[in-house]
Amino acid sequence: MSNYFLYSILQYKHSLTLGESLNIGLLFHFPSERIITFIQGDSHRLESIYPNFDSSLFDAFLRNISQKVSQKREIGFETDPKISFKNYIHDHILGEDETALQFSEPVFVINFDSPKSHEETIQSYARLLIPSLDEKAKYHEELLLRKYKSLVFDNHTELKHKFKKDSTIIANGLTLKFELAWKNGSTNFIQPISFDLATEEAIQDKSIRYYGTLNLLGDYAKNHNYRFDLLVAKPRNTTLLLAYENALDNLKKANAPKEIITEDKIEQYSNKTILELSAI
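Oh and the sequence shown: position 187 is 187 in full-length UniProt numbering, straight run, nothing missing.
If you're looking for bench data, these hints aren't it; they were derived computationally from the structure.
Any given hint could be a false lead.
Here are the simulated lysine-lysine pairs, DSS-like style, with alpha carbons at most 30 Å apart [unchecked claim]:
1. K165 - K183
2. K177 - K164
3. K149 - K162
4. K265 - K253
5. K206 - K222
6. K265 - K222
7. K68 - K82
Pair ranges (Cβ atoms, derived) [what the hints assert, rightly or not]:
8. A100 - L176: 16 to 26 Å
9. E96 - N271: 22 to 32 Å
10. S278 - D59: 30 to 40 Å
C-beta: ideal position from N, C-alpha, C; glycine also.
Between the sequences and the hints, there should be enough to build the whole structure, so can you do that?
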């Protein structure tokens, strides 16, 4: 039987005595294609539940697991695929001990929905088993905008009245809302975009959606002297950085007035905003 896969849930067990656990990652194995993939949640959910939770140590552990999975060691063949997968996890990814991070017993799944790609299958299970993944990108986008506003307004409250809040653009069958916009020549609509997603496919799909949206609004934006300032965050899972670079390329190709500001350039962009608005 080749049409099957296995997965194991990475769980954070805050109290081994009480048996408390939260799902924070998923390890998938598609034996017929020899594909092994790890996706991870983030620390926000854990921090909200456990105030003393060390997110830096947590993130380091997840990076280490991702690096080990990326080495693509062969999984030995046993009579029972679940035993093979379990041995692979304990021998090469995370030992079976009493630490707070533990992989669950592998789950064997017969893939009746075979037309689905591996990425689609992974994304479906991630949404079901790691609820925080759906919330993560939106939360990160809120942080991007909050960081920008803090950099601009903390020391320049006099500029607040020069910003337009809660703007809406309706054009070509699209309705888009922007929390913040500012004007100096062009009207610049600020849009945070987080690519801190679970899979390569999710990153690609999101970049294509924005590419299409920008293209549809391109002529309208040019006619109205609009520009879209995109605050962009990369995935924290380093194995997804190539997908992120491809996503940036998609955004760059879009035929609309725009400026792409990666997360490490937000301070530079905020300084530019301050200088231009202060001169008006």
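Here's how the hints hold up against the structure:
1. K165 - K183: Answer holds: K165 to K183 is near 12 Å, not above 30 Å.
2. K177 - K164: holds, 12 Å
3. K149 - K162: Cα-Cα ~13 Å, so holds.
4. K265 - K253: Holds, because 20 Å separates the two Cα atoms, which is no more than 30 Å.
5. K206 - K222: holds, 24 Å
6. K265 - K222: holds, 25 Å
7. K68 - K82: Holds, at about 19 Å.
8. A100 - L176: 16 to 26 Å: At roughly 43 Å between Cβ atoms, L176 and A100 fall outside 16 to 26 Å, so the hint is violated.
9. E96 - N271: 22 to 32 Å: violated, 51 Å
10. S278 - D59: 30 to 40 Å: holds, 38 Å
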